[in-house]
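Q: Sequence:
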Amino acid sequence: MKDPKEPPPPPPPETPWQEEDTNVIFLSDQTFNSTLKRKKHALVMFYAPWCGHCKNTRPEFNAAANVMREESRIVFAAVDCTRDTNVCSSQGVRGYPTLKYFSYLKVKVDYHGGRKREDFIAFLKNASESSKLNQKQIHEEL
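Residue numbers (numbering that gives the first Met the number 0): 0 to 141.
Honestly, the hints are just simulated from the structure, not real lab data. For glycine and all other residues, C-beta sits at the position ideal for the given N, C-alpha and C. It is possible that some hints are incorrect.
Distance ranges between label pairs, derived from CB positions [what the hints assert, rightly or not]:
#1 Glu128 <-> Pro7: 44 to 54 Å
#2 Arg37 <-> Thr14: 26 to 36 Å
#3 Gly112 <-> Gln17: 22 to 32 Å
With the hints as constraints, model all of the structure from the sequences given.
A: Have a look at this one:
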């Protein structure tokens, strides 16, 4: 005779990332260019909600965004590539998660660093410091 117990209920559905309390801004096909061309330093995570690596990276990305929330020139952003396919395609996203650094949309660099909060923060602080040095050097040359 089989066990008469009922199987456990399925887990509750995951809360979409956009509905979480986070300092990450969410970009779409419509807002990507207009938002990033005003941002000095932006680290963008292109993701798919079903992706396991994205789910593992998400809390670290959120934590980094929360730590850096007071830095007005630095932003952490995300694009759901299952929804906003045009921007993901135009940015050459072929796997998830893909992380890219942007500066006013004029500079674009693929991010290949670690996937921990401190890695994201160190990368953006380094980009910010490099930018300050470049600005100082340009000013001194003039």
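Q: CB of glycine 112 to CB of glutamine 17, is that within 22 to 32 Å?
A: The hint (22 to 32 Å, Cβ to Cβ) holds, given that glycine 112 and glutamine 17 are roughly 25 Å apart.
Q: Could you tell me whether the CB distance from glutamate 128 to proline 7 stays inside 44 to 54 Å?
A: Given range 44 to 54 Å: holds, Cβ gap about 51 Å.
Q: If you check the beta carbons of arginine 37 and threonine 14, does the distance land in 26 to 36 Å?
A: Given range 26 to 36 Å: holds, Cβ gap about 29 Å.
The structure agrees with every numbered hint stated previously.
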